[in-house]
Amino acid sequence: MDQALAVLVVHDIKNSLALLEADLEQLNHRPDMPEEAHKAHQRCIELKNRLISFLTLYKHEQGRLKPNLGEIELSEFLEDMISGSQSVTMAGKHGHSIEVNVAEDRIRIAPGVKHKGIATLDEYLLDLALESALNNAVRYAGSKVDIWFEQDADSVTFFVQDDGPGLTTHETAAEKPSSTGVGLSLCNAVTEAHGGGEVSLANAAGGGALFKIGFGLVG
Amino acid sequence: MQERPDANAMASMIGGKQDSVESEYIRFDQLTALVIDDIGAMRHALRSQLQWMGMNSVKCVADAEEALEAIGITRYDLILCDYNLNKASSGQHFLEHLRHEHMLSARTIFVMVTAEAEYAFVANAAEFAPDDYILKPCPEKKLRARLERQFDRRNFLLSALTAMDAKDYPLVVSECERLLALTINERWLLAGLKLKAEAQHAMGDTPGMLKTYEQALALRDNVPWVKIGIARVRLLMNEPAAAEEMAKQIIADNPNYVAAYELLADIRHLEKDDEGAYALMEQSAKILPTAKRFRTTAESAFLLGKLDEAKTLSQSAIKLSGGSMTERPDDYLSLAQIQTDMGDHQAAIQTLEKSARKFEEKGSFGISKNAILAQAYADAGDTAKAKKLLERSQRLLTPESGSAAMNTLGKAAFKTGDHILGLKMLTQAVQSSGEERERIARHVTKSMIDTGQHDKIDEVIDAGQKRILVLVEEAKKSMHVAQFDIAHEKVLEALEIQPDNIEALLGAAQLHLLWLKQEGMDDEVKARAKVYLATLDKLVPHNEKVMGFYRFYNQLTGE
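Same order as they appear, the protein sequences are chains A and B. Numbering follows our numbering, in which position 213 of the first sequence is assigned residue number 213; successive positions increment by one, without gaps. Numbering follows our numbering, in which position 444 of the second sequence is assigned residue number 1444; successive positions increment by one, without gaps.
For the record, the hints were derived by calculation from the structure and aren't laboratory data. Do not rely on the hints blindly, as some may be mistaken.
Restraint-style ranges between C-beta atoms, simulated for each label pair [stated by the list, open to error]: (1) His-41/A to Thr-1032/B: 21 to 31 Å; (2) Glu-104/A to Arg-1328/B: 46 to 56 Å; (3) Pro-1139/B to Asn-15/A: 54 to 64 Å; (4) Asp-1308/B to Gly-216/A: 26 to 36 Å; (5) Ala-1252/B to Gly-112/A: 23 to 33 Å; (6) Arg-108/A to Leu-1304/B: 36 to 46 Å; (7) Asn-15/A to Ala-1252/B: 15 to 25 Å; (8) Ser-143/A to Glu-1245/B: 53 to 63 Å.
In silico BS3-like cross-links for lysine-lysine, where the CA-CA straight-line distance does not exceed 30 Å [said to hold, decoys possible]: (9) Lys-39/A to Lys-1141/B; (10) Lys-1136/B to Lys-212/A; (11) Lys-1292/B to Lys-59/A; (12) Lys-14/A to Lys-1292/B; (13) Lys-116/A to Lys-1388/B; (14) Lys-1141/B to Lys-144/A; (15) Lys-66/A to Lys-1306/B; (16) Lys-116/A to Lys-1194/B; (17) Lys-1272/B to Lys-1292/B; (18) Lys-1446/B to Lys-114/A; (19) Lys-1446/B to Lys-1286/B; (20) Lys-1286/B to Lys-48/A; (21) Lys-1388/B to Lys-1477/B; (22) Lys-1136/B to Lys-39/A.
From the three backbone atoms N, C-alpha and C, an ideal C-beta is built for every residue, glycine too.
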């Protein structure tokens, strides 16, 4: 992590802490405000997640991000991922609700795959990468986000698609290092820790933004 | 991928998974949980998370000792255990201890809570892996999603798991068969097959076990427990080469799978390659260092005469278990015996003094303690003191005294010049060793070599027993390949030498049960099975193995 980014990260965290402090101060005066308590809690979670992302990136740049490989049942994993996702919870609480689903009909498994629907990956790193993509997607989505995977004999790719305005908004956001930029760096770190893969964010054919993260699989 | 959604839908239906939050709330509401964490704030956080899911009955404890106590009183549905319990023992040691001592109910779900740095170790623990592990901090929703998966699987297998807790193995098998036909969820299928194989193992149904493992292998060809299962069956069926190859394959794929090293060590012992066995045990202790593993490796080193290594390993066992509920008086005795044999009498006496402050001087411990002290003083030239200690040791002797204690006493007798007592004790040690015979025989042999009694080894070890054991072994080998007539002849020959030999009777009972199971009801075989079981029940009342055989018999005959 270069110094400029490190400074930015520290500022980012400081700003979030200031907001959290303001929320808590409010609560101190008015303990009967569940909305405020909820907001403070969400801010705290966001802050924590951002710290985890930064630390993961830092670890990667030190060459110390080693995957703990284990077998993952992919459909099951995605379902759990959504039901446990804080981004999804937050999206649900922001006035309009965003529906996040595993798009079963878009899941594709190539005929040559030996262990169908099962891949050997680091569950926690994968969760971290997808959570950051999901976090981004629910922020720009109109009403829904789809998540699915495609499996070939030697690779597995995960997709997150929203029905938002598409990439122009994302792009401007990504130009200056922001949560999207850090999110993509984090995803790259996760694939690199697994021995390489591809990460991309592009406009989807039917509108909205499409995030892809692919892993090459050995054995 | 089209079958997946169907599989899940069906699995959810059978597993009782329901979509409404309310009914899930009720489901968690009836579960009991135990939280083990040394940090108060973490205990509190986990407890509130569980309570938010609806679990009202959550007990929190700070360490493994308190946890053992709690587990001894209540059967928990869920145990959430922090990996980092304290300096002396990790959650992994604790889990392994629970599994070894059969203290975990089959219905209990054990989840390890780890920090990132410890995660690799837990994930690699393979055979002693928990049901699941979560990385902390784990948000409530994530924890809930993972626990729901675990409880879905458990609820699906609940009737079979309950039968497992009741040690009703035939019922476990039939329940597993019924349930396995209901699902195509691969994970549930594997869990069901694993449980079925465990029950078949407990019943000694080797061919059944092989079939179950092969079913699992057809489902998935890269699961270590399936492979180690097949390797163990191959060894039972007297195919050590096939077993060895399979175990080596497992290690090539999973270098940290300790059970594979231990199986290889067993095979090396069988091939009389004790050095090879020791090297493998050393490796397994390095991968997953537990008091138990250090203990057995120390014993192996001691029997090979590697006293320096034995001393270090034995000290490690004491260090790991010291002050905890897994502490064993035998560890101090072993260390003191090693120190005596090394000629370091002072250290041996110190070790025993230390142990005397912890454990009462009675039973086998008292016998061994005084006997080792007698050896130390005899070696140091203080014959008068040695004789006094020998007498004290002898006074504690009862018909129930353990073989290991008799061995130590015998060795002390030889060292103080009482050859008659020495011969008597060592012969008795072998004769009363039961299922531990091979191990005790190796210890007795060593005691005799150490005290210059080479010429009498055969006389002491054998005393008619050797032939019986060879015959029982041969009978079991024939039984595992379904040659029941041949197996029966061997057992009869063994029982002719000693009609009340427990090993021979157990072999005979097991053989007849499998005979009935595989070749169908035969009145003569049935009648004989009944006689063997009745004889055993009289000789070793309330024996778990015999009771298991009885249930198997009742299920087969419908009596």
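Verify the proposed pairing of Lys-1136/B with Lys-39/A, using a straight-line Cα cut of 30 Å. Distance ~22 Å between Lys-1136/B and Lys-39/A Cα, so the pair holds.
Mind checking the hinted window 54 to 64 Å against the Cβ distance between Pro-1139/B and Asn-15/A? Violated, at about 23 Å.
Sort out whether Lys-1194/B lies within 30 Å of Lys-116/A, counting only the CA atoms. Satisfied, since the Cα-Cα distance of roughly 21 Å is no more than 30 Å.
Straight-line Cα separation of Lys-1136/B and Lys-212/A no greater than 30 Å? holds, 27 Å
Range agreement (Cβ of Thr-1032/B with Cβ of His-41/A, hint 21 to 31 Å): holds, 28 Å
53 to 63 Å as the expected CB spacing between Glu-1245/B and Ser-143/A, which holds or is violated: holds, 58 Å
Given the hinted pair Lys-66/A and Lys-1306/B, is their Cα-Cα distance within 30 Å? violated, 39 Å
Between Lys-14/A and Lys-1292/B, is the straight-line Cα distance small enough, at 30 Å or below? Cα-Cα ~50 Å, so violated.
Next pair to validate is Lys-116/A with Lys-1388/B; report whether the Cα-Cα distance is within 30 Å. Measuring from Cα to Cα gives roughly 73 Å; hence the hint is violated.
Between Lys-1446/B and Lys-1286/B, does the CA-CA distance stay at or below 30 Å? Within the cut-off at roughly 26 Å; holds.
Under the criterion that the straight-line Cα-Cα distance not exceed 30 Å, is the pair Lys-1388/B, Lys-1477/B satisfied? Between Lys-1388/B and Lys-1477/B the Cα gap is close to 48 Å, so the pair fails against 30 Å, i.e. violated.
Hint check: Lys-1286/B vs Lys-48/A, CA-CA at most 30 Å. Holds or violated? violated, 37 Å
When held up to the earlier numbered hints, the structure conflicts with 3, 4, 6, 7, 11, 12, 13, 15, 18, 20 and 21 and fits the remainder.
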